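2 protein chains.
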Amino acid sequence: MTENQSMRRGRPGYDRQGILDVAVTAFNEYGYDATSMGVLAERLGLSKSAIYHHFASKDEILEQALDTALSGLEAVVADAALTADRAADRLDRVLRGAVHVLVEQLPSVTLLLRVRGNTEVERRALARRRDFDKRVTALVAEAQREGSLRSDIDASVVSRLAFGMINSIVEWYRPGGRENADGLADDVIAIALDGLRMPTSNRVEELLG
Amino acid sequence: MTENQSMRRGRPGYDRQGILDVAVTAFNEYGYDATSMGVLAERLGLSKSAIYHHFASKDEILEQALDTALSGLEAVVADAALTADRAADRLDRVLRGAVHVLVEQLPSVTLLLRVRGNTEVERRALARRRDFDKRVTALVAEAQREGSLRSDIDASVVSRLAFGMINSIVEWYRPGGRENADGLADDVIAIALDGLRMPTSNRVEELLG
Numbered sequence: 023m024t025e026n027q028s029m030r031r032g033r034p035g036y037d038r039q040g041i042l043d044v045a046v047t048a049f050n051e052y053g054y055d056a057t058s059m060g061v062l063a064e065r066l067g068l069s070k071s072a073i074y075h076h077f078a079s080k081d082e083i084l085e086q087a088l089d090t091a092l093s094g095l096e097a098v099v100a101d102a103a104l105t106a107d108r109a110a111d112r113l114d115r116v117l118r119g120a121v122h123v124l125v126e127q128l129p130s131v132t133l134l135l136r137v138r139g140n141t142e143v144e145r146r147a148l149a150r151r152r153d154f155d156k157r158v159t160a161l162v163a164e165a166q167r168e169g170s171l172r173s174d175i176d177a178s179v180v181s182r183l184a185f186g187m188i189n190s191i192v193e194w195y196r197p198g199g200r201e202n203a204d205g206l207a208d209d210v211i212a213i214a215l216d217g218l219r220m221p222t223s224n225r226v227e228e229l230l231g
Numbered sequence: 023m024t025e026n027q028s029m030r031r032g033r034p035g036y037d038r039q040g041i042l043d044v045a046v047t048a049f050n051e052y053g054y055d056a057t058s059m060g061v062l063a064e065r066l067g068l069s070k071s072a073i074y075h076h077f078a079s080k081d082e083i084l085e086q087a088l089d090t091a092l093s094g095l096e097a098v099v100a101d102a103a104l105t106a107d108r109a110a111d112r113l114d115r116v117l118r119g120a121v122h123v124l125v126e127q128l129p130s131v132t133l134l135l136r137v138r139g140n141t142e143v144e145r146r147a148l149a150r151r152r153d154f155d156k157r158v159t160a161l162v163a164e165a166q167r168e169g170s171l172r173s174d175i176d177a178s179v180v181s182r183l184a185f186g187m188i189n190s191i192v193e194w195y196r197p198g199g200r201e202n203a204d205g206l207a208d209d210v211i212a213i214a215l216d217g218l219r220m221p222t223s224n225r226v227e228e229l230l231g
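Protein sequence lines correspond, in order, to chains A and B. Heads up, the first sequence is in the numbering used here, so the first residue is 23 and it goes up one at a time. Heads up, the second sequence is in the numbering used here, so the first residue is 23 and it goes up one at a time.
The hints are simulated quantities; they were obtained by calculation from the structure and are not laboratory data. The structure presented is a predicted model; accordingly, all values stated were derived computationally and were not measured. Glycine is no exception: its CB is placed at the ideal position from the N, C-alpha and C atoms. Some hints here could point you the wrong way.
What the hints assert, rightly or not - Incomplete in silico selection of chain A near chain B, CB under 7 Å:
{"no.": "1", "residue": "T90"}
{"no.": "2", "residue": "R167"}
{"no.": "3", "residue": "G186"}
{"no.": "4", "residue": "I211"}
{"no.": "5", "residue": "L215"}
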């Protein structure tokens, strides 16, 4: 596409990705149902037909945004599975990678976490989320079997609590603040894997058995 | 009030608390804004004026529900402060107590966690939540100073991640399931304070320094 064609497809700066970014922000602010194509057009300073040039429907915008978040998370699990690391180290990679996806795709992940399954697009996204959760739970169970993670907590509870901690980051993280993604990922790993408590001599003796 | 008077104040089974329970469930299901007094009246099988006999407005119902959740959480912090325990042990009590409040007041806490500050009642609830967060953060900082919690993570990040884990329980916990409040509280404490990783001999040597 030449620059001229690009100009004719909408106002400069609003290609497909630009429309998507503005739409996701509006969905997070007002809710998906409450954000009409008319509201989006107004926010973008475009006609509705200019938006329809890029997306067949509001549902397609939602689907694309949720796919951004889900593809990122799925890639993290798939990449970890390619390594020959112990399960506990692959879990470390997954938790760390998930924090990065969350920070780098904050608006899309925020949208994903609010999906309740009201439409077919939302239900498909929830099914992919459940599949992701299952893969993480399987990884926790594998690490428990190999003896590198404590096995006195149900693997699905571990997976839910660890992701509860990670997902809560969308509630308070603001880009450009004191913490960057690497620092946050270090904090999550430190708490989830090693805990907050300083070892007392008692505990170390207990560990040494 | 005699039983007869009680009957005249509404259908049997719907005293003030009964109305509150049904209203909170509806707010969580449809959202507060989308739930009108008419919808509530229909759900309860009462006239709107029968509801107004117990609550001056929809806002008062919301305020009461949020107060249930907030008072529970505030009592947990206040009770822990009365003990002479070390800060790390008081934090243990607070995290454990918060899981109990969450499980026992699941609908009210769910409602609290969704509040975005759209009304004066919501803004007052958010201010109380921030105050609670500050007290937890201060407790974490105190435990870090006394040397019982690791101090390489910012106290407010610790507090946010720990409560991210706890608050996420509203997303998946269903009363009557396999886990009860005590078991869940044990799991949260185990992960947050001691971590998931089994000690390796290397790590124990490192701890013994």
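Tested hints:
| no. | hint | in the structure |
| --- | --- | --- |
| 1 | T90 | 22 Å, violated |
| 2 | R167 | 12 Å, violated |
| 3 | G186 | 2 Å, holds |
| 4 | I211 | 9 Å, violated |
| 5 | L215 | 4 Å, holds |
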